[in-house]
Amino acid sequence: MEQKDFLSSDSPTWCPGCGNFGVLTALKKAIVNINKEPKDILLVSGIGQAAKLPHYIKCNCFNGLHGRALPVAVAAKIANHKLTVIVTTGDGDCYGEGGNHLLHNIRRNVDITVIVHNNQIYGLTKGQASPTTDIGYVTQFQPQGVFEEPLHPVSMAISLGCGFVARGYSADTKHLSWLIGEAIRYKGFSLVDVLQPCVVFNKKNTYQWYSEKAYKLEPSYDSSDKVLALQKADEWDNKIPLGIIYKKQKQTFEEKTGLYNLPPLIEQDIENIDITIALEEFK
Amino acid sequence: MRKEFTITITGEAGQGMQTIGMVLCGLFKNTGCHIFANQDYMSRIRGGNNFFQIRISNTPAYTLRQKFDIVVALDKNSVEIHKHKLAKNGIIIADKKQFKILQDDIFDVPFYDIAKKYGSEIFINSVACGVVLSITGIDFKILEDSLKQAFSDKTTQIIENNIASAKQGYDFTTQEYKQDTYKIVCCRPTKKFLMNGNDAIALGAIKAGCKFYTAYPMTPSTSIMNVIAHFAKNYNIVIEQAEDEIAAINMAIGASFAGVRSMSGTSGGGLALMVEGVSLSGMTETPVVIVDAQRPAPATGFPTRTEQADLNFVLHSGHGEFARAIFTPGTIEQAFYLTIKAFDIAEKYQIPVFIMTDQHLADSYRDVILDPNSMITKRHIIGKDESEGVNSYKRYTLTENGISPRAIPSWIKGVIYVDSDEHTEEGHITEDAEIRNRMVEKRFYKKMKGLMQEVQSPETYNEDAEIILVGFGSTYGVLKEACENFKEKSLGFLHLSQVWPFPSSGVISVLMKAKTIVNVENNAGSQLGNLLFSQTGIKPDASILKFDGRPFDVDYLMEKLEKLWSKKTS
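Which chain is which? The protein sequence lines are A and B, in order. Heads up: the first sequence is residues 14 to 296, going by the working numbering. Heads up: the second sequence is residues 10 to 579, going by the working numbering.
No lab work stands behind these hints: they were computed from the structure. Check before you lean on any hint, since a few could be wrong.
Pair by pair, the computed Cβ-Cβ distance ranges are [stated by the list, open to error]: (1) A:I290 to B:G546: 47 to 57 Å; (2) A:E15 to B:K403: 21 to 31 Å; (3) A:T138 to B:R445: 16 to 26 Å; (4) A:W222 to B:K387: 54 to 64 Å; (5) B:K403 to A:N251: 48 to 58 Å; (6) B:P226 to A:K269: 13 to 23 Å; (7) B:K187 to A:E284: 31 to 41 Å; (8) A:I290 to B:Y186: 36 to 46 Å; (9) B:F453 to A:D250: 49 to 59 Å.
Counterexamples of contact, computed for chain A against chain B with all Cβ distances above 12 Å [to be verified]: (10) S22; (11) D23; (12) S58; (13) A88; (14) Y220; (15) S224; (16) D238; (17) G256; (18) F266; (19) E267; (20) P277; (21) K296.
Bear in mind that the values here come from a model prediction, so they are computed numbers and not experimental data. Ideal Cβ placement from N, Cα and C applies to all residues, glycine included.
The following block holds chain A by itself, in its conformation from the complex:
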C-alpha cells in the first residue's frame, strides 16, 4: 500500500498551523507501513477537532459521540477481530467526557490503539480549560486561572496497568509515526498521548514551549521497568520525555475470551440458529 491509496476525498477544516496536521501526517505514514488495505482499518472518533481526522484518511470511519469513541471501537474490534482499530481523540474527548471509558478499557484490554491529540485546551468550543490544562492558565471561563490539578494521562495510564503507553509530539512526525506504528503492532490496548499545539487558543503550550522541553528517550531506556516509567511519566515542568514510556505484554480480551479461536463474530451464520438445546433447560 502507498500513501495515495489512503487519500480521502474530504479535506481538513483545521486552522492553518494546527498541531492536528502533524498527527494526520504521522498516522498516514504509520498506516502505510503496517501493510493493510483501507478496508481492513477502522478509525473511530468522538467529537472535537481531533475527532474529524478519520474523514481525512481513506479508511473505514465511525465518527460517533463526544467521549464515546472507545466503547464503539472496542466493540467493533470484538465483532470483527480482523480489523485494525484506531481511535483518534482529543484531551477533552478522551480524558474529560470519556474518562470513565478510558479507565475501563485499559482494564478490558481489547487490542486497539488510542491516539490522543492533547493540546491542553478546548479548541472547538473556543478556548475553555481541558483536563490537562496547566495550573494558572487564564481563559474566559477560568478568569482567575485554572486552579484544579491537571490530569497526568501518561502516569495515570501506567498506574492503571495499560500495557503500552507512549508520548509523541506532533511537530516530530517521523518519531510520532514510529510510535503510532509500534502502538498498532502492540497486541492489546495502546495509548499514544500526543503533544499538539492549538495555535489559536493555547497561548502557553506553543510549538516553542513544547520544543524547548521535549526530548526523546535514549535507546538504552528500559520501557519494561514500571518504576522507571512512572518516574519518566512525572517529568513535565522543565523536560518532557517522548517515546514508549512503558511497554509490557499482557493477555488481551480477545485471548481471554477465546475470540481468536473462532471465526470473527461477523462471519457466523445466524440464519439457522437452533435453540432446541437451550429450550430443553426450560422443560
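Keeping the supplied structure of chain A fixed, place chain B upon it in accordance with the hints.
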C-alpha cells in the same frame, strides 16, 4: 369449569423462596396443570418480606389473584403480613414452635425440627415442598425427581438430605392434614416450557442471531444478561458487562456497525443514560435493540417493583427526529417472538428498536409453548459474496424507501464512512441545507412510512363488546381474564404489543364500535390513553390506573370495573 388455587411461599430475603417456588412450579407443570407465578421481592439481599406466588389452574392462567389459598410462612412476620390476604377456606402453614405463634388456625409443621434432623435449617425449603405436595395430593416420586434436578450441582449427601427432609414433611402432612380441598386432578402432561419474560427475551435474542450483548446490571433487566451469559459459549455470543449504560449502548452500536446483531438491556434509569446513544443509532442508521424493563421511577424509584410509566420517555428518548419502533409484549410468548421481530426490524430499517417490558412480565413465570422454527431469520445487509463486487460505496445512498443498502466493513472493497454529524450520502460531514432536508426525510418520514406497513396488529377479544378495555405490555393477562370472568357484561379488550408506530387503523376500527372505552395502565399519567388520543383522536371514557408499584390482579381490576359501572348507573 375453572378449578384453581393460589399458593404463596413467604419469608425473609435469602430464605430461598425462589428455589422452592421454582421446584413447585416445575412440579405442577409436569402434572399437566397450568401455572402463573410471580415474585414479590424487596430491594435487599437478606431480611424483609418476600413472597413467591404460584397460581395453579386447570385452564391457562395469565395473571395473579388477590387472595391466597395456601400460605407457607417461613418466618414469623410472614404470618402477620399475609393473614389478611387469606382466601375463604385458606390455610396458613407455619412452624408454631419455632416462632412461638399462639394463633390456632394455623397448620403447624415442625419445619425446623425436621430440617435440623438432616443437618441444617437450609432444608426447611424441601420440608415445605413436601408439605405442599401432600396437601395437593401429588405422588412423592415426582418431587424426588424435581429435587434431584434442582440440586444437580450439589453433592449426593446434600441431595439426599433434601429428599429425606421433603419426605418427612410429606409424611407428616399426610398424617396430620385430612382435608382434600386442594387436591389436584392431574391433567395429561404436555411438553411445555416454564419460563419468565426475561428468559423469553434472552432466548428470542439468541434465536435472532444476537452475537454481542452488553449491559450494566440493573433490576429488573439483569436476568436477560444472565440467561444470555449462560448460553453464550454454546452459541458463540460475546457478552460484556459495561462500565455504565452509556458505554453499553455505544458498544452495542459499535458491534452492530462492524456487522453483528447486538443488544443491550436496562431499566428506565439506565435508559436515561443511554439516550444519546439512541439518537446516535438514529443518526448513523446503525441498528440496535434495547430492552427497557420498566420499574417504578423517577430516579431510583422502587428497584424491584413494577410500573409502565416509561412509555412517554421511550417514545421521545433521544434528541431530534428519527424513526424507531417500540414493541410492548404482553405475554411470555410475545416477548419471545417480538424480540426476534425487533432484531429483524432494527436491521431492515437500520434504526433503534425498543422492547418495553416491566418487572411484572420480566419476573413472572408461565407454562408456554414456543415454536422457534416458526420464525425465519433473514439478514438485511449486503452479504459476504455480494460484497466482493462493491467498490465505491456510499453508506447513505438516497433511495425511494429511505433505506440505503448496508455494507459490512472489510467485506466490501471500498470503505465506509459513518458520522453522527449531518452527513452527505458518502458519510462525510456537511452543512448543506438541501442535503439536510433529504437526510431528515430519509431517516424520519420514509422509514416511518415503511415501518407503518409492518406494524404488529393489536390483539382483540370480544371486539364487538359494548365496553372495550385498552392496554399495552404486561397488562395483557389481567385484561384477558377480566373479560373472560365478566360474563354478565359485554366486555372486550384491545391489547397493543406494538405502540410505535402506533397501529392507528386497527385501533380505530375496533374502538369506533365501542360504547365505552376504558384504558388500563400501570402508571399515573394515562400515558397510553394520551397516545391513543394523539394518534387517533379517540379519548378513553375512563381510566383505571395503578401506580403503587404492584402489578394488577384480576380481582382488583374486576372490583374497579364494578365501581365504574355503579358510578355510571347511579
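Here's how the hints hold up against the structure:
{"no.": "1", "hint": "A:I290 to B:G546: 47 to 57 Å", "verdict": "50 Å, holds"}
{"no.": "2", "hint": "A:E15 to B:K403: 21 to 31 Å", "verdict": "24 Å, holds"}
{"no.": "3", "hint": "A:T138 to B:R445: 16 to 26 Å", "verdict": "22 Å, holds"}
{"no.": "4", "hint": "A:W222 to B:K387: 54 to 64 Å", "verdict": "59 Å, holds"}
{"no.": "5", "hint": "B:K403 to A:N251: 48 to 58 Å", "verdict": "52 Å, holds"}
{"no.": "6", "hint": "B:P226 to A:K269: 13 to 23 Å", "verdict": "20 Å, holds"}
{"no.": "7", "hint": "B:K187 to A:E284: 31 to 41 Å", "verdict": "59 Å, violated"}
{"no.": "8", "hint": "A:I290 to B:Y186: 36 to 46 Å", "verdict": "41 Å, holds"}
{"no.": "9", "hint": "B:F453 to A:D250: 49 to 59 Å", "verdict": "53 Å, holds"}
{"no.": "10", "hint": "S22", "verdict": "7 Å, violated"}
{"no.": "11", "hint": "D23", "verdict": "5 Å, violated"}
{"no.": "12", "hint": "S58", "verdict": "9 Å, violated"}
{"no.": "13", "hint": "A88", "verdict": "3 Å, violated"}
{"no.": "14", "hint": "Y220", "verdict": "28 Å, holds"}
{"no.": "15", "hint": "S224", "verdict": "32 Å, holds"}
{"no.": "16", "hint": "D238", "verdict": "30 Å, holds"}
{"no.": "17", "hint": "G256", "verdict": "30 Å, holds"}
{"no.": "18", "hint": "F266", "verdict": "8 Å, violated"}
{"no.": "19", "hint": "E267", "verdict": "10 Å, violated"}
{"no.": "20", "hint": "P277", "verdict": "8 Å, violated"}
{"no.": "21", "hint": "K296", "verdict": "6 Å, violated"}
The earlier numbered hints that this structure contradicts are 7, 10, 11, 12, 13, 18, 19, 20, 21.
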